[in-house]
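Participant: Residue-level listing of the chains:
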Amino acid sequence: MNLGLRRPPWGVVALAVVGFAFLLIPLLGLVRQVAWGDLGATLGSPEAIAALRLSLVCSVLATLASVVLGVPLAWVLARLEFPGRRIVRALVLLPIVLPPVVGGVALFAAFGRSGLVGGALYDWFDVQLTFSPAGVVLAETFVAMPFLVITVEAALRALDPHLEEVAEELGASRATVLRRVTLPLIAPAIAAGAALAWARALGEFGATITFAGNVSERTRTVPLAVYLLLDADPQVAVGLSVLLLGICVVVLVALRDRWWPSR
Amino acid sequence: MTRPRRAGLAVLLAATAFAVTPAGASTSTTAPRSRTLTVSAASSLTDVMDRIARRFERTHPGVRVRLNLGSSSTLATQLVQGAPVDVFASASESSWAAAAAAGRVAPGGPGTWFARNRLVVAVRRDGPIRLRSVRDVRRARVLAMCVTSAPCGGLGEVLLRRAEVAFPESSITRAADARATLAALTRGDADAAIVYRSDARAAGRRVRYLDVGNHDNVEDLSLYSVGPTTAAADPALARAFVTTVRSRWARKVLLGAGFMRPPATRR
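Protein chains in written order, with my numbering: chain A, 90 to 352; chain B, 559 to 825.
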């Protein structure tokens with residue numbers, strides 16, 4: 090869309106074209122590698138199906154955990170005044186920028202068999218999170234929840250406070266206001282945050298392989314299968330890659346109204 | 559845009575250019591003075607190659623050796639795809655053959671062999687498992703092994719089959735290469751690992767290991783090959799490095815690290 094500039098700044102446009110090509114070319118390269126005729130059989134192999142099933146279950150559970158814990162966290166950050174709130178928010182958002190493998194090492198220090206929390210779990214309840222599907226969910230939640238929190242918190246801050254005040258003045262209890270006014274108003278943001286968190290959980294690699302290892306049907310999610318099959322079975326690796334790419338495109342299209350302000 | 563910002567951008571660009579150019583320019587302007595040799599080596603060779611590389615740099619002033627470590631099958635795939643590597647040191651004949659089939663290295667044989675290695679069962683010294691036979695591995699809640707595409711993974715399958723230990727795949731965590739498998743034991747929560755004897759030695763006092771298998775059986779052993787690649791930028795330098803790897807001194811280092819001699823060949 091031309092905003093009325095009579096002379097486009099050609100240098101800027103040239104760099105923009107280079108930037109766009111840089112982002113697009115790897116995806117074209119991936120798509121070109123796919124043996125489309127065999128894709129069905131490739132994705133139907135037991136190895137691929139096991140990885141897909143595990144990825145689906147774990148990422149959905151991680152998204153649910155993110156919503157259950159992340160929405161209250163977003164509400165506290167948006168609505169309560171307390172000392173150190175900015176520090177708490179920074180810590181909540183840290184996993185977005187933290188290298189996932191570092192997240193995995195940190196999770197191990199906390200939830201490994203000799204970790205802060207994991208040690209007690211193992212000694213008292215004989216529960217081992219490492220190398221288990223629960224460990225995958227833990228790792229995925231750790232990296233995905235901040236995306237939900239940041240999205241929902243922004244929506245809560247943008248909310249017109251009068252709507253809740255009016256409801257309260259009309260005699261609604263705080264729980265009713267939350268349930269009948271606040272939550273419906275931020276529902277689209279929760280959905281968007283959940284989609285974002287789900288996409289992030291689905292693609293998780295570094296924290297998962299560091300914390301949960303690579304156990305067939307238990308912790309070998311699709312990204313791990315892609316990485317480890319590149320030597321042994323490149324066709325399956327490429328097939329799974331392009332499937333993940335497709336899922337990401339769907340998420341992007343579903344969220345288009347939030348990210349591509351239509352003009 | 560205000561002035562200070564523009565200055566900041568210029569500084570950033572200059573810094574980037576400064577950071578980027580020396581690496582790219584060095585090959586053309588100062589090639590004879592500082593040469594870099596890139597060596598792709600099986601991860602089980604990590605410590606040994608480190609020592610060999612340091613010695614080579616001492617005896618060849620101006621040469622820097624860069625190690626590219628990983629599973630032999632990954633390294634072979636990289637070579638097939640045209641990775642700019644000067645020397646390939648593989649832990650298995652099949653990975654070597656894959657690179658040779660693509661014309662990246664000369665065909666393997668006694669002339670490329672330089673060591674052998676065998677698998678052991680390793681447990682953490684402070685862990686719950688006492689090893690008396692390979693069957694004790696069954697008491698491990700999680701067993702660390704290499705991915706089956708890596709040489710140590712393929713051999714591990716043979717080891718378990720020969721010992722008639724049926725270990726459920728759902729309790730095996732598969733690491734990308736030999737050293738990553740060792741790390742799952744020494745720094746992770748795996749109770750046992752199937753790794754090379756040299757890896758178990760490298761872990762020092764942290765692990766105990768049990769020698770298993772029949773060492774006269776060639777199928778139970780990893781055969782290491784080394785040679786220059788056909789893409790070597792400086793073939794003479796690559797050959798010199800290979801000579802060091804196959805030298806009497808390196809043989810002593812390898813044996814000390816827990817490797818075995820290559821098969822005796824007729825002279």
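Hints in this document: simulated from the structure, not taken from any laboratory. Cβ atoms here follow ideal geometry from the backbone N, Cα and C, with glycine treated the same way. Some hints here could point you the wrong way.
Rough simulated footprint, nothing fancy, chain B against chain A, three-plus residues with beta-carbon under 8 Å [unchecked claim]:
id, region
1, 112 to 125
2, 171 to 180
Here are the in silico distance ranges between beta carbons for each label pair [as the list claims (entries may be wrong)]:
id, chain 1, residue 1, chain 2, residue 2, range
3, A, Tyr316, B, Glu722, 29 to 39 Å
4, A, Ala110, B, Arg720, 25 to 35 Å
5, B, Arg693, A, Leu183, 41 to 51 Å
6, A, Gly126, B, Thr706, 21 to 31 Å
7, A, Arg168, B, Arg697, 51 to 61 Å
8, B, Arg806, A, Ala130, 50 to 60 Å
9, A, Ala110, B, Val638, 56 to 66 Å
10, B, Arg696, A, Gln324, 45 to 55 Å
Participant: Compare the structure with each hint and give your call.
Facilitator: Structure-based check of all given hints:
Counting residues of the region 112 to 125 of chain A whose C-beta sits closer than 8 Å to any C-beta of chain B gives 0, which falls short of three, so the coverage hint is violated. Counting residues of the region 171 to 180 of chain A whose beta carbon lies closer than 8 Å to any beta carbon of chain B gives 0, which falls below the threshold of three, so the coverage claim is violated. At roughly 32 Å, the beta-carbon separation of tyrosine 316/A and glutamate 722/B lies within the given 29 to 39 Å, and the hint holds. Against the hinted window of 25 to 35 Å, the Cβ-Cβ separation of alanine 110/A and arginine 720/B comes to about 54 Å, which falls outside the hint.
Under the hint 41 to 51 Å, the C-beta atoms of arginine 693/B and leucine 183/A, about 46 Å apart, fit the expected range. A hinted range of 21 to 31 Å for the beta carbons of glycine 126/A and threonine 706/B is consistent with their spacing of about 27 Å. At roughly 53 Å, the beta-carbon separation of arginine 168/A and arginine 697/B lies within the given 51 to 61 Å, and the hint holds. Checked against the given bound of 50 to 60 Å, the beta carbons of arginine 806/B and alanine 130/A, roughly 53 Å apart, stay inside it.
Between alanine 110/A and valine 638/B the beta carbon distance is about 27 Å. The supplied range of 56 to 66 Å is therefore violated. Between arginine 696/B and glutamine 324/A the beta carbons are some 35 Å apart, a value that contradicts the proposed interval 45 to 55 Å.
The structure does not agree with the numbered hints 1, 2, 4, 9, 10 stated previously, though it agrees with the rest.
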